[in-house]
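These protein sequence lines are chains A and B, in that order. Per our numbering, the first sequence starts with residue 109, numbered consecutively. Per our numbering, the second sequence starts with residue 55, numbered consecutively.
Honestly, I wouldn't trust all of these hints.
Capping the alpha-carbon separation at 25 Å, the derived lysine to any residue pairs in SDA-like fashion look like this [unchecked claim]:
id, chain 1, residue 1, chain 2, residue 2
1, A, K276, B, E247
2, B, K366, A, L207
3, B, K366, A, E214
4, B, K366, A, P226
5, B, K366, A, T195
6, B, K366, A, S237
7, B, K366, A, V238
8, B, K366, A, P239
9, B, K366, A, D208
10, B, K366, A, L213
11, B, K366, A, D112
12, B, K366, A, E240
13, B, K366, A, E204
Honestly, the hints are just simulated from the structure, not real lab data.
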Amino acid sequence: MIGDIQIDAEGRRRHFLTTEGMPAETILGILDTAESFISVGEREIKKVPLLRGKTVVNLFFESSTRTRTTFEIAGKRLSADVININTSVSATQKGESLLDTVRNLEAMHIDLFVVRHPLSGAADLIARSVPEHVHVVNAGDGRHAHPTQGLLDMFTIRRYKGDFRQLKVAIVGDILHSRVARSQIHALTALGTREVRVIGPRPLLPTAVERLGVQAFTDFDEGLRGVDVIIMLRLQRERMCSALIPSAREYFDLYGLTPRRLRQAAPEAIVMHPGPMNRGIEIDSAVADGPQSVILPQVTNGIAVRMAILARLAGATQPEPKTP
Amino acid sequence: MSLRLKGGRLIDPASGRDEVADLLIRDGRIVPDSAPQATDRVIDVSGLVVCPGLIDLRARPREPGAEHKATLESETAAALAGGITMFCCPPDTDPPVDTPATAQWMTDRARALGGARVVPIGALTKGLGGTALADMAALKRVGCCGMSNGALPVRDSRVLRHALEYAAGLGITVFLQPQDPWLADGGVAHEGEVATRLGLAGIPVTAETVTLARDLLLIEQTGVRAHIMGLSAAQSLMLLKDAQARGVAVTADTAAHQLHLTDENIGFFDTNCHVRPPLRSARDRAALREAVRDGSLSVICSDHQPHEADAKQAAFSDSEPGISGLETLLALSLRLVHEGVLPLSHALHRLTAGPAAVLGLTGHGLAAGHVADICVLDPAAEWVPSAQTLKSQGLNTPFLGQTLRGRAILTVVGGEVRYTQRKLSGNAGA
Chain A
109 MIGDIQIDAE GRRRHFLTTE GMPAETILGI LDTAESFISV GEREIKKVPL LRGKTVVNLF
169 FESSTRTRTT FEIAGKRLSA DVININTSVS ATQKGESLLD TVRNLEAMHI DLFVVRHPLS
229 GAADLIARSV PEHVHVVNAG DGRHAHPTQG LLDMFTIRRY KGDFRQLKVA IVGDILHSRV
289 ARSQIHALTA LGTREVRVIG PRPLLPTAVE RLGVQAFTDF DEGLRGVDVI IMLRLQRERM
349 CSALIPSARE YFDLYGLTPR RLRQAAPEAI VMHPGPMNRG IEIDSAVADG PQSVILPQVT
409 NGIAVRMAIL ARLAGATQPE PKTP
Chain B
55 MSLRLKGGRL IDPASGRDEV ADLLIRDGRI VPDSAPQATD RVIDVSGLVV CPGLIDLRAR
115 PREPGAEHKA TLESETAAAL AGGITMFCCP PDTDPPVDTP ATAQWMTDRA RALGGARVVP
175 IGALTKGLGG TALADMAALK RVGCCGMSNG ALPVRDSRVL RHALEYAAGL GITVFLQPQD
235 PWLADGGVAH EGEVATRLGL AGIPVTAETV TLARDLLLIE QTGVRAHIMG LSAAQSLMLL
295 KDAQARGVAV TADTAAHQLH LTDENIGFFD TNCHVRPPLR SARDRAALRE AVRDGSLSVI
355 CSDHQPHEAD AKQAAFSDSE PGISGLETLL ALSLRLVHEG VLPLSHALHR LTAGPAAVLG
415 LTGHGLAAGH VADICVLDPA AEWVPSAQTL KSQGLNTPFL GQTLRGRAIL TVVGGEVRYT
475 QRKLSGNAGA
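Let the hints inform the model, and build the full structure from the sequences given.
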């Protein structure tokens with residue numbers, strides 16, 4: 109049932125809304141395509157014609173630099189026409205509903221929407237309302253999902269660490285409010301990752317998170333022991349001094365990734381962060397800029413992975429593998 | 055004016071009567087069918103069940119204040135189609151029912167419409183603000199069946215204590231919906247695996263139990279006659295049963311949808327399953343069913359909250375909570391019978407004698423002398439709620455398009471046939 113609307117009657121992928129329920133073959137297929145796009149970014153003429161003549165709208169109801177920019181670059185490298193629409197100048201401020209905004213854009217014959225919205229389920233709502241030939245990519249909906257980020261993180265992990273079945277991965281920080289964590293968890297479990305851990309203070313760990321197939325830790329050192337991949341999450345400023353945690357200082361003390369803490373992990377462990385980082389709050393600069401950090405390659409990889417996803421929806425026609 | 059309902063199975067949960075017999079109505083009341091007597095009209099109801107009209111303790115017709123969602127006209131007609139002859143209306147309208155004029159207006163308007171009877175529940179505090187007591191005696195005088203703060207909890211325990219004391223002194227029943235405003239703040243779904251998966255802010259069970267525990271202790275202390283509205287969690291039932299065992303004068307209900315749906319039904323952001331209190335776990339649902347069976351929940355209500363389509367065409371947390379339920383109340387209660395949870399007469403009790411007892415109505419039932427508010431139903435009739443079949447202005451129900459079993463066929467209010475679902479044979483005189 110979950111993810112049904114993402115696949116059309118011929119078994120082709122129409123939308124990209126969540127990593128939940130996505131088969132390993134689909135994920136790996138996208139990662140393989142992304143590998144082939146890496147070279148496009150390294151050429152002198154950074155363009156392939158896969159989406160020539162297609163119009164892509166980046167519809168962002170929430171601010172973003174990294175995600176919006178990499179989507180824009182991804183679309184342009186595929187030769188699509190890319191238009192950015194941000195809420196600050198959008199019609200929703202004038203009382204127009206989300207669906208009305210989308211319908212007006214549809215009337216302009218848009219082929220693909222990349223949507224970010226502060227509410228969980230917004231991308232799903234849009235995907236249900238658009239005509240058959242229009243595609244929707246979720247670029248983050250509330251706390252629910254950020255599937256392209258999830259896949260670019262899988263891409264990065266695979267590049268550095270190889271086989272997921274051998275890996276222990278820890279996701280650290282504000283899991284409760286994190287769409288990135290949810291998309292990573294679903295992708296990691298689908299890929300058969302040996303162990304997926306979430307680490308954070310109890311108020312920031314969602315109820316029944318273990319049911320997603322992860323182990324929960326409140327002790328950072330214990331959770332870090334022997335892990336191959338550490339994914340640090342951003343702590344939103346409004347949470348730093350709230351009923352959820354007492355202060356940024358105490359948070360860094362308990363959950364900040366320092367060089368000393370990093371030694372708890374496996375010797376060759378990589379450190380990731382979806383950005384934007386709060387240096388000195390969730391991560392020490394010595395780690396963020398250190399030899400084990402792959403934070404900047406994550407951004408570079410984001411373009412190739414997003415190209416692969418856009419091409420899969422609007423360019424390619426191969427059917428999806430059947431869900432087992 | 056007289057009417058004979060001929061050959062139906064009479065079930066009167068209040069008296070335990072269950073037999074095939076005629077029911078005779080004269081001048082709006084039930085009369086003994088002793089000596090042979092002529093009637094103006096005979097309706098053959100053989101093969102059908104004849105029971106007292108359903109009483110729904112909580113339905114929001116949205117008037118006054120939100121007529122774009124529904125009106126007294128549309129919803130009193132919907133109630134009749136659901137076999138409901140009377141429903142109670144929480145005071146959280148716009149304006150709220152905190153003055154006798156508003157209460158009077160509502161009852162007058164409903165009476166003029168000639169649908170189901172509408173009984174307002176008056177406001178417990180002025181403007182439902184939770185700080186100053188409303189004019190309860192005046193509200194009672196114009197026909198309010200009790201006082202409530204609706205879905206807005208009284209945060210200040212001292213104010214609630216005095217409100218309960220005041221009501222107790224006047225013999226007024228108080229209706230309370232337990233929800234801690236802080237624990238529930240921002241939440242849109244049961245705090246559990248589904249909310250975690252979908253990234254929806256959760257409403258923990260403690261949002262209900264923490265306030266329920268307070269309310270029960272204050273009810274006990276003040277001795278007020280109280281009814282708890284809309285329980286959703288297994289732990290709440292432990293608190294309720296404990297209080298009832300101590301002899302606290304408290305009854306409680308749950309909404310019919312809570313007995314069938316769980317948070318799993320939200321699926322992939324189905325806004326028709328956005329409801330407050332939220333749909334909870336299968337364990338909670340099982341406990342609610344058990345409590346309906348053992349009678350600690352003596353009432354099933356619709357918790358009817360009709361919405362316009364736009365209210366549900368939104369991201370889950372932006373959509374408005376509530377299910378349109380007047381017309382599915384009967385079928386969903388009968389589904390418990392079909393599923394072997396409890397016998398038919400007990401299910402009908404939770405829809406008739408149970409709520410009548412909460413309202414202190416002594417003249418509701420099939421005994422001679424009682425007001426002839428009657429529901430004739432076919433427990434086996436299959437039907438599908440849809441835009442075509444529903445009379446409510448609100449089509450916001452997760453049961454839309456599903457085949458339900460059990461339907462009101464004939465609804466009689468005050469001896470007058472006000473609704474017929476299908477043509478029944480009979481004649482104009484005998």
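Verification of the supplied hints:
1. A distance of roughly 23 Å separates the Cα atoms of K276(A) and E247(B); the hinted pair therefore holds under the 25 Å criterion.
2. As the CA atoms of K366(B) and L207(A) are separated by approximately 12 Å, the hinted pair is consistent with the 25 Å bound.
3. At roughly 21 Å between alpha-carbon atoms, K366(B) and E214(A) fall within 25 Å of each other, so this suggested pair holds.
4. Restraint check for K366(B) and P226(A): satisfied, since their Cα atoms lie roughly 18 Å apart, inside the 25 Å limit.
5. At roughly 22 Å between alpha-carbon atoms, K366(B) and T195(A) fall within 25 Å of each other, so this suggested pair holds.
6. Restraint check for K366(B) and S237(A): the C-alpha separation of about 13 Å stays at or below 25 Å, so the hint holds.
7. Between K366(B) and V238(A), the direct Cα distance comes to roughly 17 Å. Compliance with the 25 Å bound is thereby established for this hinted pair.
8. Between the alpha carbons of K366(B) and P239(A) the distance comes to roughly 20 Å, so the proposed pair stays at or under 25 Å and holds.
9. Distance restraint check for K366(B) and D208(A): the Cα-Cα separation of roughly 14 Å lies within the 25 Å cut-off, and the hinted pair is therefore satisfied.
10. Using a Cα cut-off of 25 Å, the hinted pair K366(B) and L213(A) holds, with the two alpha carbons roughly 22 Å apart.
11. The straight-line distance between the Cα atoms of K366(B) and D112(A) is roughly 20 Å, inside the 25 Å bound, and the hint therefore holds.
12. For the given pair, K366(B) sits about 22 Å from E240(A) by alpha-carbon distance, which is consistent with the 25 Å threshold.
13. Proposed proximity of K366(B) and E204(A) is supported: the alpha carbons are some 16 Å apart, at most 25 Å.
Hint compliance for this structure: every hint is met.
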